[in-house]
Amino acid sequence: MSFLDLKNVTKIYPNGTKAVHETSLSIDEGEFMVFVGPSGCGKSTLLRMVAGLEDITEGDINLDGKLMNEVDPSERDVAMVFQNYALYPHMNVYNNLAYGLKNRGIDKETIEQKVNDAAKLLQISDYLQRKPSMLSGGQRQRVAMGRAIVRNPKIFLFDEPLSNLDAKLRIQMRLEIKKLQQKVGVTSIFVTHDQVEAMTLADRLAVINNGIIEQLGTPIEIYDNPKSLFVAGFIGSPQMNFLDGNLKNKTLSAEGFEIKDINSDFEGEVTLGIRPEHLSQSENGLISLRVELVEQLGSDNLVYGQLKNKKDFCYRCPGNQTIEKGSNLSLNIDNNKYYIFDKSTGKRVN
Amino acid sequence: MTRFITSSFSHLILLIGILIMVVPVWMIFASSTHTSSMINMNGLQMFLGDSFYENYLRVLLYQGGFFKEITALKMFFNSFIMATGVAILSVVTSLMAAYALVYYRIKHATLLFWIIFITILVPLELRIFPTYSVMAELNLVNSYFGLIVPISASAIATLFFRQFYKTVPDELLESAKLDGANTWRFFVDFLIPLSKTMIVAMLIFMFVFGYNQYLWPLLVTTSEQYWTVVMGLKMMSGSIVHRFAFVIMSMVPPILIIIVLQKHFIKGVFQDK
Numbered sequence: 064m065s066f067l068d069l070k071n072v073t074k075i076y077p078n079g080t081k082a083v084h085e086t087s088l089s090i091d092e093g094e095f096m097v098f099v100g101p102s103g104c105g106k107s108t109l110l111r112m113v114a115g116l117e118d119i120t121e122g123d124i125n126l127d128g129k130l131m132n133e134v135d136p137s138e139r140d141v142a143m144v145f146q147n148y149a150l151y152p153h154m155n156v157y158n159n160l161a162y163g164l165k166n167r168g169i170d171k172e173t174i175e176q177k178v179n180d181a182a183k184l185l186q187i188s189d190y191l192q193r194k195p196s197m198l199s200g201g202q203r204q205r206v207a208m209g210r211a212i213v214r215n216p217k218i219f220l221f222d223e224p225l226s227n228l229d230a231k232l233r234i235q236m237r238l239e240i241k242k243l244q245q246k247v248g249v250t251s252i253f254v255t256h257d258q259v260e261a262m263t264l265a266d267r268l269a270v271i272n273n274g275i276i277e278q279l280g281t282p283i284e285i286y287d288n289p290k291s292l293f294v295a296g297f298i299g300s301p302q303m304n305f306l307d308g309n310l311k312n313k314t315l316s317a318e319g320f321e322i323k324d325i326n327s328d329f330e331g332e333v334t335l336g337i338r339p340e341h342l343s344q345s346e347n348g349l350i351s352l353r354v355e356l357v358e359q360l361g362s363d364n365l366v367y368g369q370l371k372n373k374k375d376f377c378y379r380c381p382g383n384q385t386i387e388k389g390s391n392l393s394l395n396i397d398n399n400k401y402y403i404f405d406k407s408t409g410k411r412v413n
Numbered sequence: 083m084t085r086f087i088t089s090s091f092s093h094l095i096l097l098i099g100i101l102i103m104v105v106p107v108w109m110i111f112a113s114s115t116h117t118s119s120m121i122n123m124n125g126l127q128m129f130l131g132d133s134f135y136e137n138y139l140r141v142l143l144y145q146g147g148f149f150k151e152i153t154a155l156k157m158f159f160n161s162f163i164m165a166t167g168v169a170i171l172s173v174v175t176s177l178m179a180a181y182a183l184v185y186y187r188i189k190h191a192t193l194l195f196w197i198i199f200i201t202i203l204v205p206l207e208l209r210i211f212p213t214y215s216v217m218a219e220l221n222l223v224n225s226y227f228g229l230i231v232p233i234s235a236s237a238i239a240t241l242f243f244r245q246f247y248k249t250v251p252d253e254l255l256e257s258a259k260l261d262g263a264n265t266w267r268f269f270v271d272f273l274i275p276l277s278k279t280m281i282v283a284m285l286i287f288m289f290v291f292g293y294n295q296y297l298w299p300l301l302v303t304t305s306e307q308y309w310t311v312v313m314g315l316k317m318m319s320g321s322i323v324h325r326f327a328f329v330i331m332s333m334v335p336p337i338l339i340i341i342v343l344q345k346h347f348i349k350g351v352f353q354d355k
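Chains A and B supply the protein sequences, listed in that same order. Plus 63 on top of the position in the first sequence (first one is 1) and you've got our numbering. Plus 82 on top of the position in the second sequence (first one is 1) and you've got our numbering.
Everything labelled a hint here was simulated from the structure, so no lab data went into it. Heads up, a few of these hints could be off.
Stated by the list, open to error - Below are the DSSO-like pairs computed for lysine-lysine, each with C-alpha atoms no more than 30 Å apart in a straight line:
#1 A:81 to B:248
#2 B:345 to A:81
#3 A:388 to A:410
#4 B:345 to A:194
#5 A:400 to A:311
From a predicted model like this one, the values you see are computed outputs, not experimental measurements.
Same shape as in the complex, but just chain A (with noise of 0.2 Å):
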């Protein structure tokens, strides 16, 4: 049995509605996992079960070899970072820090020493006698972590802790998150709808959709290898490239041009998945593109036109060629890097 494990888990509110879907996971000790999905997925819900802040409807929650079902929130020896931090704001930073550890009953020497080295990590030692309302929204952050350092618990739980930052910061903290958990070497859940932050902090990745774990992996398994249409078009920035298609005795034929000898036997409407990445032009190309307009990105660019039947596509090229509004590209798909899914189930088939 694994550190953290989830078996059949279904939650269903008190109205009907069904937010989870009998879901099982088993989280290793040290892992860091990320639930990405869009917002209403369950994914939120599915934390919170583990931190006991949602009841179980069904199933089971082992956390460490022990039935967590029935188990208080304030017995299950997790922490939590919420999205608005929630830090105690009558309490300056340093008690926000010791609170928890002063309700278990440990003594002064001791939380004054881990508060002051959990401070220490994570450069807060300057603000301890703050309260939070005159902390920027980085230092909050930090505080808001170095809450759930302090216990030094079984199990972290982020759910969505960067989204009230700005983009920089975001970008920042998300590093500081990656380096700290490494260095802690605590079992970590993160919630996010971004699916960059999703990539960048996930030793294993799992994509929620509709209250179902549509695919389980380490983030380079699922941008390469994506299962289902929504993970395909969930995963990746820009988003995939998608093309109606009928696939037939491993002919693929797509508006305007046509795949040979593809790996499935599959036979019906298909949608056809390409990243704007896996395309490259020349002459002669699978794929005419009508440019409308370009995003020079520095390191990239990103074009963005129409198809000849008008569909919007998009593609991604190094940043020092020049692309003209207006112009036509000739693209070619790079060796086999496309995805087909059944248009009826969005199952992959090649």
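Starting from the known structure of chain A, fit chain B onto it as the hints suggest.
Structure of chain B alone, referenced to chain A:
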């Protein structure tokens, strides 16, 4: 220039308002420092006289009532006990009631709250006889307990605390739970410190409410030992200057409470900013 005129005009109106409120009080105070023969001959006075100590000391120490058992000093003591008791008890009960209504999973908590709230429509005067008979059965007539308890459940304070608790974010409770706080600790460590300013405001409010009670103390005390200041205003006999002096003194405690606690009140408000 026009701005100067309009602002002077509005200040003038405000000044008139203040004068209308302050002048009668000042006249009573000024008159209470004269001798009674002076007032009887010349009417109310606008300027201070020289009998201040004489009049006020006599009022404080004069043995009043039918049985000459009570002094004004004792009445102040009684009123103080009663007002403080009402203030503390009603704030404590309201805090706890609001906590239960908001944070406990009570069925029909909203309905229960509105039932509590409806009691505002049933003032003490309306339920005074049943309340009296309950107190009489319990043998609490002529006691501080009997003076305080029947008016110490405040629907208004419960409303205020309930509305405040509803604005406290759920994450705070959840975070505290994960930090090992039980229901009692969350109440003591979080809700009470967070509602400090509101507690002070309610203490002022309920103190004045308790202090101003007239009908209830009149009914529930037969012994002069338990007379309160507001009752005493009517019961105290004496000459007109002594009554004036007593009226002026009766206004001092509520004003003092407001002055003393308002400091904390304002400090609390600004600290959170």
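Output the numbers, in ascending order, of every earlier hint that fails for this structure. 2, 3
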